[in-house]
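For the record, the sequence lines run as chains A, B and C. If you read the first sequence in numbering that gives the first Met the number 0, its first letter stands for residue 0, the second for the next number, and so on. If you read the second sequence in numbering that gives the first Met the number 0, its first letter stands for residue 0, the second for the next number, and so on. If you read the third sequence in numbering that gives the first Met the number 0, its first letter stands for residue 0, the second for the next number, and so on.
Read the hints as simulated data drawn from the structure, not as lab findings. C-beta atoms are modelled at their ideal positions from N, C-alpha and C, and glycine is treated no differently. Careful, some of the hints might be misleading.
[Claimed, not checked] Calculated pairs, DSS-like style, for lysine-lysine (alpha carbon to alpha carbon, straight line, at most 30 Å):
| id | chain 1 | residue 1 | chain 2 | residue 2 |
| --- | --- | --- | --- | --- |
| 1 | A | K728 | B | K124 |
| 2 | B | K134 | A | K131 |
| 3 | A | K275 | B | K124 |
| 4 | B | K124 | A | K130 |
| 5 | B | K151 | A | K212 |
| 6 | A | K360 | A | K131 |
| 7 | B | K151 | A | K211 |
| 8 | A | K728 | C | K61 |
| 9 | C | K131 | C | K71 |
[Unchecked claim] Take a look, some chain B residues computed to stay more than 10 Å from chain A by CB distance:
| id | residue |
| --- | --- |
| 10 | L1 |
| 11 | H13 |
| 12 | R18 |
| 13 | T20 |
| 14 | E25 |
| 15 | D63 |
| 16 | I84 |
| 17 | P100 |
| 18 | E123 |
| 19 | G131 |
| 20 | G133 |
| 21 | E147 |
| 22 | G154 |
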Amino acid sequence: MATIYIDGKPYETKDGINLLDTCLSLGFDVPYFCWHPALHSVGACRQCAVKVFKDEKDTKGRIVMSCMTPVADGMRLSIDDPEAIKFRASVIEWLMLNHPHDCPVCDEGGECHLQDMTLLAGHVYRRTTLKKRTHTNQDLGPFVNHEMNRCIQCYRCVRFYKDYAGGKDLDVFGCHDHVYFGRSRNGALESEFSGNLVEVCPTGVFTDKKFKKHYTRKWDLQAAPSVCVHCSLGCNTLPGERYGTLRRIRNRYNQSVNGYFLCDRGRYGYEFVNSKIRMRAASVKIKGAAPADEVAPELAISEIRKKLNGTHEGGIIGIGSPRASLESNYALRELVGAENFYHGVSDTVFNMMGEIVRIIKDGPVAAASLEDVREADAVLVLGEDVSNTAPMLALALRQASRNAPLAGLAKFKIPHWDDAAARNAMQGEKSPFFIASFTGTRIDDLASEKPYRTAPDDIARLGFLIAHELAPESPGVPDAGEEEKSLARRITVALRNSKKPLVVCGTGPQSIHILRAAANAAWAIKQAVPDARIAFSLPECNSMGLALMDFSSGRPVSEALKRVQAGGAKAVIVIENELVESIGKEGAEEIMSLPCSVAIDFIATRTSQLAGVALPAASFAESQGTFVNNEARAQRFYKVMQPQNKNIQGAWRWLREIEAALGTAKQCPEIDALTAELAKKMPQFAPIADRAYFPPPGFRIAGMKIPRQPYRYSGRTAMHTHIGMVEPKPPSDTGSALSFSMEGFYDASKKQKIPSALLTHYWAPFWNSVQALNKFQGGVGGPLLGGESGKRLMGASGSDPVYFTDIPEKQKAPGLSGANNRGLFAVPLYHVFGSERLSMENPAVASLCPEGGQPFIAASPRTLSALGLNKGDTMGLEIGGTVFEFKTVADEEMAEGLAGVFVPENGNIRADLAGLYSKLPAWARFL
Amino acid sequence: MLALLRALWLILLHTFKKRVTVQYPEQKPYVPPRWRGRIILSRDPDGGERCVACYLCAVACPVDCIALQAAEDETGRRYPASFRINFSRCIFCGYCEEACPTYAIQLTTDYEMGEYRRANLVYEKEDLLISGQGKYPGYNFYRVAGVEIGGKAKGEAENERPPVDVRGLLP
Amino acid sequence: MSTLQYIILIPALIFVLMSVASGLIWVERRLLGIWQDRLGPNRVGPFGVLQVLADILKVFTKEDWVPPFADKPVFITAPAIIVVTVLITFAVVPFGPRAGLADLNIGLLFFLAMSSLGVYSVALAGWASDSKYSLLGGLRASAQMISYEVFMGLSLMGVVMLAGSFNLRTIVLAQRHMWNIVPQFLGFIIFMIAGIAETHRLPFDLPEAESELVAGFHSEYSGMKFGMFFLGEYFGITLISAMMTTLFLGGWMGPVLPPIVWFALKTFAFICFFILLRATLPRPRYDQLMSFGWKTMFPLSLVNLLVTGGIILAAR
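Using the sequences and the hints given, assemble the complete structure.
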């Protein structure tokens, strides 16, 4: 701790940070542009000037840039010094010289850091009569709009895009006031984190192109804390609604998870909520007739009751979903009984998830949060292509790659926040970073040595080898080659010398061996380095929640199929699941052809089309529930808006209504009561009822709920008048402490006690932009005031590891030649834009899907030529007895002898292809 | 006591004073040009809609009776896709006009808006948009804004230099 | 009079009074308009006289709402009381030498008794509404009535002494030579002030004081129940004016014109004066009202009684 004097008053502050950080943390309003809590200082904008005095006697002082000045004990500074104020006012004046007269048509208007700082720094009147510099814009693809006139040269965009996110195609060109931030030529931004430019840019140079299509000002968006549904990381989001449609998603700060950023899949994947594929009415299929008839909800329920009549006892099977909330899965499990509840995932995924739960629960190494990942200083990635399956994990890994050299900067006396100096001193040096994968990933540039490209089983063998090197009691790999061994040894040395080593793996390669090898490796490192962590990437947003539901006694959907085939069931209820993806087309058809088949989903899927009764569920934006992310952190998402019509309701409510119709349930409880019931019945989920993290509906501050709408929400008395003159009463929310209103408790004075989990927007006097977040953090970049949002369900056990001993054999060299044995090992490929069903409903996301959204096979050019193929040729491949035809793509980075299969999940892909991933990885015969 | 009687007398004398009442429908009162009456949306000198759907009128409105939705045409010009004022709520405070950065929304001297059906007081964009410029002739927001729209490329607005050639090497 | 005459006369009188009371609405609004340099209601019918009809139609068609928190039976009874008590009092008013319903020996006492009963209406309305403003209004009305009632009776004793009777007809006839306003000028003034207070007209309308109590005792009333209070107030004005005419201005007596016309003219003049008072005087503070009543008017009325009594005794 250090004591500093700001305008004569003493303040306690943290050591080792800069003055700007200190002032903002203490709640002072110091204007700034180039500094960003995650990007740190470069001292480019000169806006954060304050005056520093030598001692008490010094009255003259000198102006310094607060972002470039380290805090020192006993320091005296003045923010309100007239000279400093004048300095800042003239800086903003010259920054504004060329800024166009655009605010009314600028999407940043109203939440613009430049507007805020202009007012804060006291520049109110334009004196110059000089002509303004202009720039032509570029088309930067479907996500980000470019308007270079507005640029104030703070360099934040390139510092985020290049330095922080590792993008290569955005750069700065030109000199003096011609400086231009853009690509060398028009074209979509390549980085999957480009959407963050919208939040990083202090003004309107980079704005949200999708949001522009249905633009709404910040003050008109009704928002609620939510959790991203597009991958397993559970990034915190703030979706905004206006006029009944979801308008945009912004980052919701959570220090332990996503921090300040989101990936483009999470930011732009929301479009499905408004899209045509939403189910908006219940439908009942009349025998053989298609399409199904739309009916009133009560009719659908009574139809279900009729069909279920008498079959209730043990006759209904329920298929839960890794996409549905804990509450919905629980309601289904309660309805059908635990013995009739099946996990709606393929056998492979089911087994992998079981293994991951065991690794986290019983192993000595804790699962890493994204914050842990960002702090790691040595990384081993086994098999998983995190840049495509969990992009934010890749971004966190990119930060981890800087930690080891950053720690070494102490010898130059360069503080870590002095970003330009630190990067200069590091000279591209990286933390030890090892990648073993069968395909190229977008974090390959972080690797300390050339990524190890090989088949999944061989990746697992490398993991086992490393584990054995570190802990001889773990099983060795007897037939390991010399190359493997020496690589393992190099990795071992690096990991052993680190302070926070991290092993990353995931379900992407669909190989249980890799998971076991990663666990062995992490456990073995733990023996040498106590702070070792393991990070997993999982298939869906609630995969972990579903797996935890009954991790010891659960069964996958294939068991359900067997039971149906054996005639052991008469009815089935499927929630928010596409059975075709887990058991293939035939299996799905067989299950859904039961006398009574019910599908509850928010989008129309193949499964819902096969169902006898399909019920429209609420999407994440219209319902409340709990997701458990990849590190077993339970996070609540809240209703952002009311469903578009009365037919739509949460899956859990449908299930409770069915239960009530069957006469087995008491009254339908509110969601909060259901959550409490779930936490009580299933001890593994007990923390989700923790009121400190998840405030109850009765929660009030000063007698008020937390408003979903900003205090200056407009148009209330005109937005419904085209329907009727009676202004409807705002819906009441009995399930949470939030209200559908602009009235309620809001206080940005740092004294506020709003639990961060309930913050619906960031605003403070003078701070309209996202940077208002400073006012809600306990120290800039620190945890949100009022407590962390989300709670870990399990940590590491203290027990000794029980190493896995099941070591796979070396992958046999595929027979590329010879007429009879033309085998290829087919492995699944993923793409950030394309491998997630819901986000593909946004045409912008779909447009970035590789190969125009067509399925393809990627293989190395040598493999292709050995098969006598050129890139672009059509290749026939027999996988699991079915023949598929694919376009071929040559990929230098693919491991030899492997065929990377990519099938986009875009809803109009052939049904047999949709279920293909459940069969991978597998040997395929090349035809 | 006397004061009371005097007051009574003085009030009684008012029986013979001139009436101030204006017999309204037959006799129209004088309405100053800056009267805050019925709200209209004006057009710029080139005939384009002045409103750029910036939402500032909506947020300034103390009774929240303005609801609109922004849209953009293919050339990048922003306009309101819908613009609705609920005059049954409007208090004619004129804040919307003050807030308007483009002189689009203006309060006029028309105050005769009585209706028997409340729904008739809901004015949509086509009811609000007039063909002239209203009180502020000559102003065209897009002539001074930096954005590019159809018919006005970058650098063609007032007080702008032509776009920078980023690839140029001259200082 | 025969029963048949009563059966015809009573409804006729009620009808006439109703018309007068409702007509007063127009008169008051018009006069207030004139004294405020406006025109007042002038649109409905010739000179706006049909405004009254429009107002009545409106008040009849308004939602007659009883607040759920009110004491329902009392809430409904209260407005009826004021109308009934005032109407009953009119029975003893001698409109002409032969006109008038009842010729009671104790006519004046009957008037005093009935007008005191009227306070129940206001007090009960304030109580039954179960709202703080109404209750305050009711309380104020009760205190005001009790205070002003005292010297209202006393101020009339001079008149009674001069006529030697409580019979109103006798009192009128006793003024053949000189109207009571001359010998009993002080009594006249005191009675007039008390009368205004009794009808709680401005400046003594503290029970309803809009600016402090919303609408006082009838805050919670709407529709015809509110209309009854309104009606009661105008009946009250008419009654007090008629009583002043009877007691101090020689009742129906006057040259040339028929007696009933004289009575009507004098009464109307007083009504206009009441309206002029409303147009002129602001409302006093409540404590001013009470101290004025008890410390000024009450002693004055006693003095008046004493002096009158003394003079009569001396004259004997």
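So, going through the hints one by one against the coordinates:
Taken as a hint, the A:K728 and B:K124 pair is honoured in the structure, with Cα atoms around 26 Å apart against an allowance of 30 Å. As the CA atoms of B:K134 and A:K131 are separated by approximately 29 Å, the hinted pair is consistent with the 30 Å bound. Distance check on the hinted pair: A:K275 and B:K124 sit about 28 Å apart at the alpha-carbon level, within 30 Å; holds. The suggested pairing of B:K124 with A:K130 is violated, with an alpha-carbon distance near 36 Å, which exceeds 30 Å.
Under the criterion of a C-alpha separation no larger than 30 Å, the hint pairing B:K151 with A:K212 is consistent with the structure, at around 22 Å. Proposed proximity of A:K360 and A:K131 is contradicted: the alpha carbons are some 62 Å apart, above 30 Å. Restraint check for B:K151 and A:K211: satisfied, since their Cα atoms lie roughly 20 Å apart, inside the 30 Å limit. As the CA atoms of A:K728 and C:K61 are separated by approximately 26 Å, the hinted pair is consistent with the 30 Å bound.
This hinted pair checks out: C:K131 and C:K71 have alpha carbons roughly 17 Å apart, not beyond 30 Å. Even its closest Cβ contact with chain A, about 55 Å, leaves B:L1 beyond 10 Å, as expected for a residue assigned away from the interface. Listed as a non-interface residue, B:H13 keeps its Cβ farther than 10 Å from every Cβ of chain A; the least gap is roughly 42 Å. No beta-carbon of chain A is positioned within 10 Å of the beta-carbon of B:R18; the least distance is around 38 Å.
The non-interface label for B:T20 is consistent with chain A: the shortest C-beta to C-beta separation is roughly 33 Å, beyond 10 Å. At roughly 32 Å, the least C-beta separation between B:E25 and chain A is larger than 10 Å, which holds for a residue marked as non-interface. Chain A draws B:D63 into its interface by the beta-carbon criterion, the shortest separation being 4 Å against a cut-off of 10 Å. The Cβ of B:I84 does not lie farther than 10 Å from every Cβ of chain A; its closest approach is about 6 Å, which violates its non-interface assignment.
Non-interface status of B:P100 relative to chain A is broken: a Cβ of that chain comes within 10 Å, the nearest being about 4 Å off. The Cβ of B:E123 does not lie farther than 10 Å from every Cβ of chain A; its closest approach is about 8 Å, which violates its non-interface assignment. With a cut of 10 Å on Cβ distances, B:G131 stays outside the contact zone with chain A, its closest approach being about 21 Å. For B:G133, the shortest C-beta to C-beta distance to chain A comes to about 17 Å, beyond the 10 Å cut-off, and the non-interface label holds.
Taking the minimum C-beta to C-beta distance to chain A, about 7 Å, the non-interface status of B:E147 is violated against the 10 Å cut. With a least beta-carbon separation of about 4 Å from chain A, B:G154 fails to lie farther than 10 Å from that chain, contradicting its non-interface assignment.
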